[in-house]
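Fit chains B and C with the ligands to the given chain A structure using the hints.
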Amino acid sequence: MTPALPDSSEVAIIGGGLVGCAAAYYLTQQGASVVLIEQNGVGSGASGRSGGGVRQSARAAAEIPLAIQAVALFSGLADELGLDIEYVQRGNLRLVESVDYIRPMQVDIARQQGQGLNVRWLEQSEVCELAPALQRESLLGASFCPTDGHANPLKVTAGFAAAARRRGARILTGCSVTGFRQLDSGLVQLATTAGRLRARNVIIAAGAGTARLCQASGFDLPLANMRYESLVTEAVRPLFDAMFGVASADLFFRQTRHGSVHFGGGLVLPADDETTTQDNLAAAAAHLARLVPALAQANLVRTWGGLDPSTPDGIPIIDCLGDNLLVATGFCGHGFALGPVVGRLLAAWVTRGQRPAELAGFERNRFAGWLQTRWTPTGSFEAVLAAVATQANAPGPNGAHSADPAAALPQEGDGPHVLVIDPSMCTGCRSCEVACAIHHDRVARPTQLRIQVAYERDDAYSPIVCLHCEEAYCMEACPFEALARGGPGSVIQVVDKNCTGCLLCVDACPYGGISYADDKGVVIKCDLCDGQPACAAYCAPGAIRFRRVDPATWDGMKQHATQHARLLSQGLT
Amino acid sequence: MNISGYTGALLRIDLSRRQARREPWDLGLAERFVGGRGLASYLLYREQDPAADALGAESKFILGTGPLTGTGAVAASRYVVVCKAPLTGTIACSNSGGFFGPELKFAGYDFAIFEGRSETPVYVWIDDGRVEFRSAEKLWGLTPAATDEQVRRETSLMAKVACIGPGGEKRSLLAGVVNDRARLAARSGVGAVLGSKNLKAVAVRGAGSVCLADPEAFWLAALDALKKIVNDPVSFGSFRAYGTASLVNLINEMGAYPTRNFLEEVFAGAMPTSGEAIRDELLLRNRACFACPIACTRVTAVKDGPYQGRGEGPEYETTWSFGALCGVSDLKAIAKAHYLCCDYGLDAMSAGATVACAMELFEKGYVPGSDIGFALRFGDAEAMVAAVRLMGERRGPFGALLADGSYRLAAHYGHPELFMGVKKLEMAAYSPRVFQGMALHYATSNRGACHVRGNTVAAELYGIPKYVPPETLDGKEEMVRRPFQNSTAFVDSTGICLFSKFAITHREIVSMLAPATGLDFTFDKSIVQGDRIWNLERLFNLRAGFAAADDTLPERMLEPVPGGPRAGSRAQLHQNLQTYYALRGWDERGVPTRQKLEELGLEDTWQVCR
Amino acid sequence: MEVTVRLFASLRRHRPDLALGQPLTCQLPERATLADLIQAVLGPLPDEVAIMLVNGQLQAGEQVLSEGDRVSLWPPVAGGAL
Ligand SMILES: Cc1cc2nc3c(=O)[nH]c(=O)nc-3n(C[C@H](O)[C@H](O)[C@H](O)COP(=O)(O)OP(=O)(O)OC[C@H]3O[C@@H](n4cnc5c(N)ncnc54)[C@H](O)[C@@H]3O)c2cc1C
Ligand code: SF4
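Chains as they are written, first to last, in the working numbering: chain A, 1 to 573; chain B, 1 to 610; chain C, 1 to 82.
Nothing false has been slipped in among the hints.
Some chain C residues judged to face chain B by a derived CB distance under 7 angstroms, without partners named:
| hint | residue |
| --- | --- |
| 1 | G21 |
| 2 | S72 |
| 3 | P76 |
| 4 | A78 |
| 5 | G79 |
Keep in mind the hints are simulated off the structure, nothing from the lab. A quick note: this is a predicted structure, and the numbers were derived from the prediction, not measured. No residue lacks a Cβ here, since even glycine has one placed at the ideal position from N, Cα and C.
The shape of chain A in the complex, shown without the other chains (with noise of 0.2 angstroms):
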């Protein structure tokens, strides 16, 4: 039964996720009195719904010192709870399918081991070796935490709620915080659905509330909630006890103790609701299927969604808005592992009136200038001025420049030409946009493009298009032979008559270069309009060129596609 709200109390902690509760039982732990406010059931945000991963690896390097500290409070959590929270330290493997991703992953092991972390290289016998589960083809390999794992979510988060009101804590659920305040008193104030207290140390860990509840309260913090869609299968045989992700795609999936594979993905930003869509259902389900083989039969019993705050860089804020409130937030979908340390170390900041050291770095005030107007200057910047200046007054802009469409025309010489693109010099203006709507379908129209630009911040913004790489995923993907090679150099295009606009090859390209256009019922894509691509002629900074690519450019190209297609499918235009 729900205790009542009290008036005042010692510490009041907003949000009865795993942040919440286990700040609730170590504050218990010393001597605290502790109320948590909870608008619906305990764990009944992110935390009852997560993937349950307690991994170190492929955090960003901020995190990674309090993952570290996470994995070893993990070991000891089922003696400390007395419970059993089905934790098994069985590794993490983050596969590669993609061999534009081996070097970006490579590279990200360095760092990772630079900081200390237990990490390496598999290759793809390696992989198979571990877990032999997955299909052989369709790795590259993959990188490798043997500490890692994961764990029961909501075991944990009960857990913790259950070691708490043990100990005095008292979990008032079925109650909305609906506003704070700071009293000159010292005290803080909180407006809830069932009355008002008072306490000298509020915590918010209200999860995908947060943003609301402290705009409300006269704080705005720069946050957005983010879904992700969860499947679980029924029971099936053993097969694998690691934790897996993805490297190019939102995928997770681990195999609970008692046999259903419990997976996810299929990012959503910003949403608001905990709904699930059948096409990142579907698009989940067909990718696991295409990595285990052995799922490809089993029966789906249940799916669900789950909001997550996330921050412009990917890690959590955790600071105090003013004395005695502290706020941790924007786990950005990674925040079960890190959620019980977390709590620990709100515990200690409250009860020792200090910041501990393990918290620097997630202080809201990094995004100062994001919050004002979302602008942050680029270093990129003084080459696109000292170009300008150059160009002030010899008549036009250098020579390559391809207003004259005859400039356009490919250069001699073998080697596949593409637009090659410099995010440096993009002005956002979209006139590549109009122009390749117009060249192929007769209209200007800002949606249902070949080419896109994307709004990284308002001062960063590029086109992305297809790459026509040699090997190409889209077509590998295809299972119709609706894309084809074709007309001058490696022109990929699209074979209309073929194409059942199954998407496919849309998911494979992690490029962001083929989408559908659902008046046509076909894919759509770059054809680079015969040799004389309109884009280019009416890119006027040069953003865009139509030229011979070396291998390195293309590299390039290909990361910076990669993570601008991600903001494309978050609407960030």
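Quick look at chains B and C with the ligands alone, frame taken from chain A:
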């Protein structure tokens, strides 16, 4: 028939009843008034009594695009805001670029007409064919940037937003409409009209297309225009590198740079406020509006210190209005004042000019220091920024006076002669005592002393289209009338940005306009169209009560320049004015003759209103 | 004779040693023209200079200079609108 270039539809939004209706408009009007400024002005003239109160419930507010907006034609990103101007009482037509205008087209509308008044703060969300009225209670008080962010979170991240800032909410007569976070349709107080209607923002998302009658011909014409722009050293050179502020040193060295509320025409402290200094100290990156090769937008920041901030600009006019005009040479303070205006959603030109006017009033002892709360002297950067804050927040009786512009401020203290503008609109940074073309233009422009309706400095200094010395009087009447005022009226009606005109002319524009629309747009017709639109605006103003006596300049401009290279020069307006009227086909009272109206086909229009 | 000259906007890049607005003093033979001065300061770059002020007055290249003249030079620049 397939409608091309235009969408052929307007969206009528009744804020009182919260209803929206899509209506076709008569395409026959296209060849008479083109679109944008011309057509929206015609719609306003037809639907609203020009004599009515600009902030009354019966006033209308029109957002309009041109036939080229969103087609991909070079620099065709503009939308216009047309209504009766609360600041001046004239017809208002402010325009702005960015991405909002094209999006309105993609949603399927050439125009959106807002009528009535909402009881409570509201914003309108236009999602292609669907229109929703949503509460703006929570947006009230937010800056335009924050409003943009919040509205896009609540609607679609891809939505484009036009809104007002706190200035417009408080119905300040210097308030503009802000789109895409930091671009302003600034002048004439158009933002106050939205405030009076309780309309905080309009968000649009369009997934439709703009059709082209002859895509091949259109494409070739667009490529040709593009080539001219990128080969032009101004459009593709100095605009990108220095913005318009490359003029600061030039106009100042010439002795035509209005200083300390136009007391002088040379500013000793200009150098640190010039385009060169802005580039060295503030500039982060250039940005472009939709389909614009010029990319003149300048993302800037003051990185530290008391004036820390970020935004777009300042440009020539605002580095001047907060700089020379206030006697201030602290660039960071100028930038801050400019950013603040953007946050409040105020016209930064008039804002600076109003502070300058207040400074003169204070220094002459006409305003007691106790009214202001601090000493507001020329050259005091801190006081200048503080005055902008007073104005933006409309704090106290003096803040309220500032926020309604220098005409009302000077009049309130009994010294209307210290107002430096025409028809209650403040002048720009080109002295009419030196540029005789500007003198005549400021006096006769349909929205008051604004420079973008006929910037003759182009001829009188850079020699575009042809050099005519600034002091010359002969022939200035025709120069002001045709290649400047009429031409601007035409270009503003197409959706193309005026900045393109340093490199392209009506010829390039009609060669895009004709294949885009499939209508018979020609060079010759464009000349008449410009004339017709100018006259239509004049008719509105006459009906609103303006007369020849209003076509004048402040006394001070008729007196000689006190020093510098142009010492002794003064505006000779009265030698030109009657000739100008006659050339325009107006009688000596400045009223178009019956014959002129017939020639332009405006006879009925004039009658209807009577 | 001695005249001073100042370079603005993108012309500044030819003399990066000069601060913004810093005048350069030039010795020229008597009856030298504006064009001669530009030749002496910028070398053969006539196209780049578009606007020339001598003591605040617009002048053309043929203009004969005199002792103490103050010359200011710009590339093509513009603003406002047209
Ligand atoms: C599908 C999915 C898969 C994931 N997989 C992983 C993974 O494999 N590994 C990993 O490390 N992380 C993973 N995460 C992320 C991780 O689950 C979260 O980062 C973490 O659980 C966040 O915990 P929390 O306590 O901050 O938030 P939550 O668990 O969301 O708790 C916040 C609580 O606050 C309550 N609340 C909100 N507003 C109010 C209010 N105004 N008043 C009162 N109560 C309020 C909510 O009801 C909620 O219960 C995943 C997340 C999702 C959604
Ligand atoms: S046309 Fe060029 S500058 Fe404009 S958005 Fe496209 S790539 Fe960028």
